[in-house]
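Now for the letters of each chain:
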Amino acid sequence: MPPPAIILDDVHLTLSGGAGPVNVLRGISLSVAAGESVALLGPSGSGKSSLLMIAAGLETATSGRVNLAGTDITNLGEDALARLRRDRVGIVFQSFHLIATMTALENVALPLELAGDGRAFARARETLDAVGLLPRDAHYPGQLSGGEQQRVALARAMVADPCVLFADEPTGNLDAGTGALVADLLFALAARAGTTLFLVTHEETLARRCARVLRLKDGTIAGDARATAA
Amino acid sequence: MSSLALAARLARRELRSGLSGFRIFFASLVLGVAVIAIVGSLADALLSGLADNGRILLGGDVAINLVHRPLTPAERAFVQSHGRISQVISMRAMAYAFHNGQAGARQLIELKGVDPAYPLYGSVGLAPELSLASALACGGNEFARGGAETQRAHTDGALARERAQEFHGSSPVAVFPSAPPRLRVPGVGPTCGAVVEQTLLDRLHLARGGLLRIGKQNFRVAAVLTDEPDRLSGGFSLGPHVIISTAALARTGLITIGSLIDYSTRLRLPAGGSIAAFRRDANARFPNAGWQIRDRDHAAPGTDRFIRQIGVFLTLVGLTALAIGGVGAGQAVRAFVDRKREAIATLKALGANGSLVFLIFFMQVMAIAALASVIGVGTGAAIAFLVVQLYGAELPLPAHLAVFPAPLSLAFAFGMLSAAAFSIPPLARAREIAPAGLFRDLVAPTRRRGRLPYRAAAALAGLLVLALALAVSPSLVFSLWFIACAIGGVVALSLAAAGLRLVLRRLPPLARPAPRLALANMTRPGSATEAVVVALGLGLSLLAAVTILDRTISAEVNGSLPGTAPSFYFIDIQPADAHAFDRTIARFASARDYRRTPMIRGRIVALNGVPAARAKVARDARWALNGDRGITYAAQEPANTQITVGRWWPAKYRGPTLVSLDADLARGMELKLGDTITLNVLGRNIEGRIANLRDVDFSTGRQNFVMILSPGIIDKAPHSFLATVRTAPRDEEPMYRAITDRFPSVTTVRVKDVIAELDTLLEKLALGVRAASLVTILAGLLVLAGAISAGLRTRLYDSTVMKVIGATRLQILRVYALEYAIVGAVTGALALGAGAATATLVSHRVFDLPPVIDWRAVGLIIGGGVTLTLVMGLAITWTALAARPAKQLRNL
Numbered sequence: 001m002p003p004p005a006i007i008l009d010d011v012h013l014t015l016s017g018g019a020g021p022v023n024v025l026r027g028i029s030l031s032v033a034a035g036e037s038v039a040l041l042g043p044s045g046s047g048k049s050s051l052l053m054i055a056a057g058l059e060t061a062t063s064g065r066v067n068l069a070g071t072d073i074t075n076l077g078e079d080a081l082a083r084l085r086r087d088r089v090g091i092v093f094q095s096f097h098l099i100a101t102m103t104a105l106e107n108v109a110l111p112l113e114l115a116g117d118g119r120a121f122a123r124a125r126e127t128l129d130a131v132g133l134l135p136r137d138a139h140y141p142g143q144l145s146g147g148e149q150q151r152v153a154l155a156r157a158m159v160a161d162p163c164v165l166f167a168d169e170p171t172g173n174l175d176a177g178t179g180a181l182v183a184d185l186l187f188a189l190a191a192r193a194g195t196t197l198f199l200v201t202h203e204e205t206l207a208r209r210c211a212r213v214l215r216l217k218d219g220t221i222a223g224d225a226r227a228t229a230a
Numbered sequence: 001m002s003s004l005a006l007a008a009r010l011a012r013r014e015l016r017s018g019l020s021g022f023r024i025f026f027a028s029l030v031l032g033v034a035v036i037a038i039v040g041s042l043a044d045a046l047l048s049g050l051a052d053n054g055r056i057l058l059g060g061d062v063a064i065n066l067v068h069r070p071l072t073p074a075e076r077a078f079v080q081s082h083g084r085i086s087q088v089i090s091m092r093a094m095a096y097a098f099h100n101g102q103a104g105a106r107q108l109i110e111l112k113g114v115d116p117a118y119p120l121y122g123s124v125g126l127a128p129e130l131s132l133a134s135a136l137a138c139g140g141n142e143f144a145r146g147g148a149e150t151q152r153a154h155t156d157g158a159l160a161r162e163r164a165q166e167f168h169g170s171s172p173v174a175v176f177p178s179a180p181p182r183l184r185v186p187g188v189g190p191t192c193g194a195v196v197e198q199t200l201l202d203r204l205h206l207a208r209g210g211l212l213r214i215g216k217q218n219f220r221v222a223a224v225l226t227d228e229p230d231r232l233s234g235g236f237s238l239g240p241h242v243i244i245s246t247a248a249l250a251r252t253g254l255i256t257i258g259s260l261i262d263y264s265t266r267l268r269l270p271a272g273g274s275i276a277a278f279r280r281d282a283n284a285r286f287p288n289a290g291w292q293i294r295d296r297d298h299a300a301p302g303t304d305r306f307i308r309q310i311g312v313f314l315t316l317v318g319l320t321a322l323a324i325g326g327v328g329a330g331q332a333v334r335a336f337v338d339r340k341r342e343a344i345a346t347l348k349a350l351g352a353n354g355s356l357v358f359l360i361f362f363m364q365v366m367a368i369a370a371l372a373s374v375i376g377v378g379t380g381a382a383i384a385f386l387v388v389q390l391y392g393a394e395l396p397l398p399a400h401l402a403v404f405p406a407p408l409s410l411a412f413a414f415g416m417l418s419a420a421a422f423s424i425p426p427l428a429r430a431r432e433i434a435p436a437g438l439f440r441d442l443v444a445p446t447r448r449r450g451r452l453p454y455r456a457a458a459a460l461a462g463l464l465v466l467a468l469a470l471a472v473s474p475s476l477v478f479s480l481w482f483i484a485c486a487i488g489g490v491v492a493l494s495l496a497a498a499g500l501r502l503v504l505r506r507l508p509p510l511a512r513p514a515p516r517l518a519l520a521n522m523t524r525p526g527s528a529t530e531a532v533v534v535a536l537g538l539g540l541s542l543l544a545a546v547t548i549l550d551r552t553i554s555a556e557v558n559g560s561l562p563g564t565a566p567s568f569y570f571i572d573i574q575p576a577d578a579h580a581f582d583r584t585i586a587r588f589a590s591a592r593d594y595r596r597t598p599m600i601r602g603r604i605v606a607l608n609g610v611p612a613a614r615a616k617v618a619r620d621a622r623w624a625l626n627g628d629r630g631i632t633y634a635a636q637e638p639a640n641t642q643i644t645v646g647r648w649w650p651a652k653y654r655g656p657t658l659v660s661l662d663a664d665l666a667r668g669m670e671l672k673l674g675d676t677i678t679l680n681v682l683g684r685n686i687e688g689r690i691a692n693l694r695d696v697d698f699s700t701g702r703q704n705f706v707m708i709l710s711p712g713i714i715d716k717a718p719h720s721f722l723a724t725v726r727t728a729p730r731d732e733e734p735m736y737r738a739i740t741d742r743f744p745s746v747t748t749v750r751v752k753d754v755i756a757e758l759d760t761l762l763e764k765l766a767l768g769v770r771a772a773s774l775v776t777i778l779a780g781l782l783v784l785a786g787a788i789s790a791g792l793r794t795r796l797y798d799s800t801v802m803k804v805i806g807a808t809r810l811q812i813l814r815v816y817a818l819e820y821a822i823v824g825a826v827t828g829a830l831a832l833g834a835g836a837a838t839a840t841l842v843s844h845r846v847f848d849l850p851p852v853i854d855w856r857a858v859g860l861i862i863g864g865g866v867t868l869t870l871v872m873g874l875a876i877t878w879t880a881l882a883a884r885p886a887k888q889l890r891n892l
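Top to bottom, those sequences are chains A and B.
Quick note on numbering: the first sequence equals residues 1 to 230 in our numbering.
Quick note on numbering: the second sequence equals residues 1 to 892 in our numbering.
Simulated from the structure, these hints should not be mistaken for laboratory data.
Keep in mind that a hint or two might mislead.
Unchecked claim - No more than 20 Å apart at the CA atoms, straight line, and that leaves these computed lysine to any residue pairs for SDA-like:
| # | chain 1 | residue 1 | chain 2 | residue 2 |
| --- | --- | --- | --- | --- |
| 1 | B | K716 | B | Q636 |
| 2 | B | K887 | A | Q94 |
| 3 | B | K887 | A | T74 |
| 4 | B | K752 | B | T740 |
| 5 | B | K672 | B | W648 |
| 6 | B | K887 | A | N75 |
| 7 | A | K217 | A | G27 |
| 8 | B | K672 | A | N75 |
| 9 | B | K887 | A | H12 |
| 10 | B | K652 | B | T740 |
| 11 | B | K887 | A | S31 |
| 12 | B | K652 | B | P638 |
| 13 | B | K672 | B | E687 |
| 14 | B | K752 | B | A555 |
| 15 | B | K764 | B | A43 |
| 16 | B | K887 | A | V22 |
| 17 | B | K887 | A | G20 |
| 18 | B | K887 | A | S95 |
| 19 | B | K764 | B | D753 |
| 20 | B | K672 | B | R622 |
| 21 | B | K672 | B | T641 |
| 22 | B | K887 | A | L76 |
| 23 | B | K752 | B | A43 |
| 24 | B | K752 | B | A612 |
| 25 | B | K672 | B | L625 |
| 26 | B | K887 | A | A19 |
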């Protein structure tokens with residue numbers, strides 16, 4: 001049995017703000033099995049995105065331990081974390097976060113190029129094709145619709161065959177139809193590659209498509225439900 | 001009026017947000033205005049110092065200057081009848097250090113003989129503090145009888161008397177002794193005192209109290225000359241200054257036939273005495289005296305002109321800094337408008353019209369500009385004041401310690417007008433923002449450019465800056481050229497930056513991500529490329545042009561002369577010594593191109609009968625009318641003469657005087673064959689008819705005379721000879737010693753020493769100019785900082801996204817470093833091109849020289865461009881690199 005893709009052990013996160021310190025996460029412990037799809041549900045301000053950022057190595061926990069894709073990242077340096085993300089992790093954001101000066105193809109190829117992959121563009125083209133955007137490969141983000149931009153972001157997240165795909169409100173900025181299309185792609189790509197999916201959302205319907213649903217409230221896990229087989 | 005008040009009220013509210021976003025705008029204005037204020041204040045401090053000390057610098061209220069001869073008794077009596085007088089005799093001579101009765105080290109000096117009345121104004125600074133009279137005293141009380149001694153020296157010599165009478169006819173104006181001194185004759189009689197500059201003691205390895213020999217007179221160094229009040233009214237110094245008494249000068253035996261001696265008679269007018277009246281009377285009474293009368297209001301015209309020209313140059317450098325800062329200011333205002341789009345649209349939706357919107361934001365910008373200009377003016381005035389206060393005593397000129405309102409007002413005006421010129425265009429676009437934008441996502445302007453009246457107002461402000469710069473410039477042509485070059489530079493660099501962007505955009509995508517990202521960053525909308533290329537490029541262009549010009553002139557001075565130029569110039573060879581002199585030179589086997597020519601000084605007083613002052617003469621030929629010129633005569637056409645028009649006169653020609661004239665000068669004076677030139681030589685007017693025109697090239701360093709006369713009359717004038725010779729380096733020192741040992745009255749100028757002096761002077765000047773051009777680079781760096789800071793948000797975004805998808809900091813750093821290095825290298829290369837083009841233009845048109853490109857300069861400019869951009873860019877974007885992705889992701 002493969003080791004868990006994500007392990008969080010008594011993770012706390014305290015952020016200092018103008019009005020004093022804020023305890024965003026209070027002793028989160030969880031384990032996500034490899035290939036599992038997990039949705040993290042919760043109201044605004046419950047700490048969903050912070051939890052995703054800690055799990056993805058984008059944020060350092062105030063205390064507790066974090067293990068990602070078999071690596072203890074608790075005390076890992078910034079560049080080592082970057083390399084881990086490059087090789088093992090894909091991330092999709094609500095706001096797409098594409099690089100404006102690069103074409104769709106270049107955006108998708110970038111993680112592979114950073115890793116020094118000689119087939120970066122060929123693989124990027126394949127992934128772009130998988131999200132149905134190969135005909136728009138030479139377009140810049142500014143020339144694409146929101147849905148198209150999110151599909152490019154999804155392709156960029158999946159191009160390096162990551163162990164874990166993090167998605168933070170991936171349909172939050174899209175209309176219902178486009179959002180459904182992007183969600184379908186997200187689940188299909190993750191399932192096809194056997195990638196662990198860690199999805200942050202506030203949409204119950206989207207969350208219910210995951211095998212496991214975690215509910216977060218005031219920085220603690222208030223519920224952990226596994227879906228029964230349909 | 002009410003809309004103005006309303007705009008002011010709203011502007012005041014808007015200003016609550018402080019100066020954020022205007023730091024670069026503010027700093028650029030402060031820098032440019034401060035530079036102009038400093039330059040203007042220092043120039044005024046020096047000019048007012050010159051004006052107030054005119055009589056001290058001149059040595060009197062009026063100075064009557066003559067070459068070759070003193071005033072005649074009649075002239076002297078006339079001048080003396082107007083007030084108190086003092087006579088100063090100046091010449092170049094050789095000084096020998098004397099140890100144990102033997103001549104040792106020797107040095108070319110600027111020798112000045114003064115009478116007891118000297119100085120009429122001011123005082124001579126000596127160390128230790130002595131009275132000048134006691135320092136210059138000879139063994140007896142000769143100093144007190146100086147005037148009489150000199151007069152006696154002039155009236156000695158039968159040969160001189162005969163020559164002079166032959167030249168002048170029945171009324172000689174001056175006569176001279178004939179026997180030049182010999183160094184081998186030991187000095188006799190009492191030793192006299194001399195005061196000398198420390199440099200002479202250093203060069204001759206002498207101490208105070210040491211012995212000097214000048215001509216045939218021994219001198220004891222009584223004191224070190226620390227302050228010579230009338231030094232500035234003299235010309236370029238070839239050697240250290242030495243002051244002796246006129247009595248002692250007479251004993252040197254150097255006052256001989258045709259020697260190059262300047263006689264200056266200074267007059268101190270009684271209270272209420274009129275300079276103009278004296279000038280008028282003097283010229284009416286002695287119309288043919290051939291003297292030059294200068295007065296206290298123009299005591300040091302060369303220095304005055306120099307200060308004004310340097311002042312203009314530095315003011316233009318300050319203006320360039322303002323213009324460069326203006327690029328940044330324009331950017332800052334554009335960014336300001338971008339930030340205020342929503343506020344503007346809201347104002348309009350609430351009923352504000354375009355003019356009110358423009359006024360609100362224009363008032364804010366101009367209020368900030370006024371504050372910056374006031375700070376710039378204050379800083380400039382304070383720095384100038386401190387410079388005069390702390391270093392005034394060390395300046396070679398008297399400087400006034402004061403605050404000068406005129407240059408400060410000018411600096412303030414420059415600041416405000418530049419701010420208006422650069423900020424009106426973006427503000428005019430702001431007035432076009434449509435309120436409907438509030439209801440769409442995009443609040444976009446409906447016009448790309450502002451309306452015509454606003455564009456015209458911006459252009460008017462720019463033109464006013466230029467007009468003001470030209471109005472205060474004493475050299476319109478120079479200023480026009482500078483401004484044209486600066487505008488040309490901005491246009492060329494802007495076009496080049498736009499071209500670069502176009503080319504980069506069309507490049508096929510690069511395989512490697514770092515260069516691809518770097519190029520993408522350079523071409524994206526709002527990138528810093530254009531601002532950096534124009535702003536930093538202009539400063540670097542100026543530095544490149546100055547460096548290349550410096551190298552060109554330096555190469556001309558150092559490099560081109562040795563092949564063709566003589567090794568020595570010998571001045572004041574007396575006719576009696578001429579053949580012995582020739583023989584001494586002939587002893588040196590390596591002596592080449594030896595040429596000995598009669599040398600007389602004369603002044604052009606009329607062209608075709610029209611007095612020189614009223615003649616129509618081009619600017620580049622006017623120098624020939626300012627003061628005395630060297631003239632020679634020749635029966636036969638000298639070797640290497642290139643006659644362009646006319647023919648040389650027959651070898652035995654003895655008719656009316658004919659003139660062979662420099663062709664360039666003839667063009668400038670609009671003279672042709674057959675026209676006449678009237679020369680005043682030793683008080684006598686000689687009219688000559690132009691027989692031929694020659695090409696004269698002074699750059700060869702060989703003997704050259706703009707006027708050669710046919711013999712007949714001019715050869716009767718008492719004169720000495722000028723000789724030049726080229727020799728092998730190994731023979732230079734032996735020849736120098738042989739000539740200076742045997743002919744102490746001959747002034748020996750070693751060309752390589754003069755070149756070294758000139759080179760040092762040029763080096764200092766070039767260093768100063770280069771330092772000044774750094775101000776423009778500083779302005780460029782401010783703009784660079786502004787442009788990069790403006791794009792910081794985008795870079796934060798990019799670097800965060802890149803970190804998220806796995807880029808290490810080194811990989812991101814590489815992208816930015818590459819981008820800045822490319823922009824810097826391109827800027828450096830473009831600046832080099834623009835600077836080289838400007839330098840080529842100037843070196844061809846002004847110096848008539850081919851430019852010399854110094855590869856060190858090339859490296860310096862391009863390397864400087866790369867380094868400055870790289871360091872500044874990375875320093876500012878370090879925040880983007882250092883930022884933690886999670887923190888940034890929350891804000892994205």
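Problem set entry | Indices of hints not satisfied (ascending) | 8, 10, 11, 23, 24
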